[in-house]
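Single-letter residue listing:
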Amino acid sequence: VRLDPYTVLRVLWRSLFIQAGFNPEGLQNLGLVFALYPALQRLYPEGEALNAAVRRHLATFNTHPYVAAGIVGGILFYEERIARGEEPTEKVVQFKASLMGPLAALGDGFFWLSLRPAVGAFSVALVPLLGVWAVAVFLLLFNTVHLYARGRFFVLGYRHGGGLVEHLRSAQLPLWGERLRSVAAACAGGLVAWLALAFGQQEHGALGVVLVSACLAGGGLTYALLRRAVSPWALWYAGAALAIAAGALL
Amino acid sequence: VTALLQHVLLAGLWGGLLALERRAFLQAMFSRPLVAATVTGMLLGDPSSGLFVGLVLELFFLGTVSLGGAAQELDTLPAVAAAAFAASLQHQSGVHGTPAVWALALLLCAPLSRVGRSFERRLDVRAQRYGDRARLFSNEGQLRRAVRQNLRAMWPHFVLFGLLCALSVLLGTLASPLFALLPLQLIRGLAWGYPALAAISAAVAVNASHARYALRYAAVSAALVLGITVAVLRLR
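Protein chains in written order, with the numbering used here: chain A, 1 to 250; chain B, 1001 to 1236.
Chain A with its partners taken away, still in its complex shape (with noise of 0.2 Å):
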C-alpha cells in the first residue's frame, strides 16, 4: 500500500487549513483529521479500519501551524507502515504526541519570535525607500521562507518519519533566530532615526531640534521603562500625550 503523488499532494494542500477548527479541548485535531482525510480513505478503503483512523487522529493535537506540516507528513509516513501491517498504531500515535510540543518550541522560536519581527521591521524599515513596495518586500520575504519550510517539513516528514528530527536539527534554526531578531532590534532603531528625521526637518528652526531630540530620547526612554516592566500600552499613551500637549503650546 503506498500513497499517490496527487493525493500526497491533497494532503499538503489540506494541512494549510490545520488551523480552521481550533477549539478547545482538541486544540488542532479537526485540522488534522481533515487534512490526513484524503490519505485515510485510499490506506483503510474497509469503513471500520477508515472510522479507527480517523478516531485516533482525533485526539487532542497543537502545534506550530507550519511546523506541522512536517508531523503531518511523519503521519503519513507511518499510515503507510500500519496499513501494510508493518508498524502497530501505537507508533503513529507516539510520533505525533513526542513531537508536537517540541516542534511546537521550535516554530515558535524561530517564525514567530525570530522570522517575523525580523521581516516586520526590516519591511517597515523599508518604508522610507520604497513606500508602498515594501508591504510586497514583507510579503515576498516572509513567504518565500514560510513556503519552503512547510513544503520541505513535510517533504523531510514523509521521507524520514521520526528522523525528521534529525534533519530539523542540522538546520540550527535557533542561530538563525538570533542572528534575525538582532536584525529587528536594528532595523527598528534605524526607523526611529529617520522618522525622526523625516517629521523634525517640517518643522522650522529650534522647534526641529526639539522634536528630533524629544523622538530618540523618547524611543531611549521608552525602552528603559520596558526593561522594567512598564506597560507598553501606558507608554504609548502618556507618550501621545506629552506630544500632543508639547505640538500645541510650543
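Derived from the structure by calculation, the hints contain no laboratory data.
In this text, a Cβ means the ideal position worked out from N, Cα and C, and glycines have one as well.
Among the clues, some could well be false.
As the list claims (entries may be wrong) - So the derived list for chain A, only partly shown, Cβ under 8 Å to chain B, looks like this: (1) 143; (2) 185; (3) 189; (4) 226.
Chain B: place on chain A using the hints.
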C-alpha cells in the same frame, strides 16, 4: 451614499478574508498590521494613510505572538479600523492624509486589539461545538460530516470580523465631521503625536525583538541613519 456603501462592503469583505487568513488558512501574514492597513487604505482610496498607520501598528505589535494557542491581541482589527478611519476622514472632510489624522486614528483604534481578542476568545469557546459534533459523527460512522466540521468552524470568524471592519468604516465616516471641529492647536499637537507614537512603537519593537544585544544594535543603527542623513543634507 453609494461610495460609503461600497467602502463598507469592501472593508467588510477584506476584514472577513483577513480573519480567515490569520486564523484558518495559510497564515501568510496578510493580516499583519502593515499589510492589512495598507491594503485597506488602497481599497478606500488612501494608501499612504494605510501605510503610515500600519507602520506604527506593525512596530507596536511586532512581538505579539500566540504561544500554545493562547489568544493574543488581535492586531489586524485596529489596523483595518485605523486605516479605514483615516481614509474616511480624508474622503469626508477633504483633509488629506496627514500625521494629525494618522495619530488620531491610531489613538482611537489601537484599543480595538483587546476588543478583538475578547471576541476571538468567545469564538474559540463556541468552536468546541464543532469538535463535539466531529466526535459524534465519527462515532456514528459519518466520517465525511465529521471531517467537514473543520471548515465550518472558520466561518464565524469571517462573519464577525467582517462585520467589525465594516462597522469601523461606518463609524469613521460618521465621526469624520468632528475632526473639522477640533481646534487648530490640537491638530498641530496631534501632528507631533504621530512621530512620538512611531518612536515609542519602535522602542516597543526593539524590546520585543528579544535580541541579546537589542539596545546596542538599535543604537548603532539609529546613529548610522542619523549620521548618513545629516551628512547627505550638508552635502546638498
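Each hint, compared with the structure:
no. : hint : in the structure
1   : 143  : holds (5 Å)
2   : 185  : holds (4 Å)
3   : 189  : holds (3 Å)
4   : 226  : holds (4 Å)
Violated hints: none; the structure is consistent with every hint.
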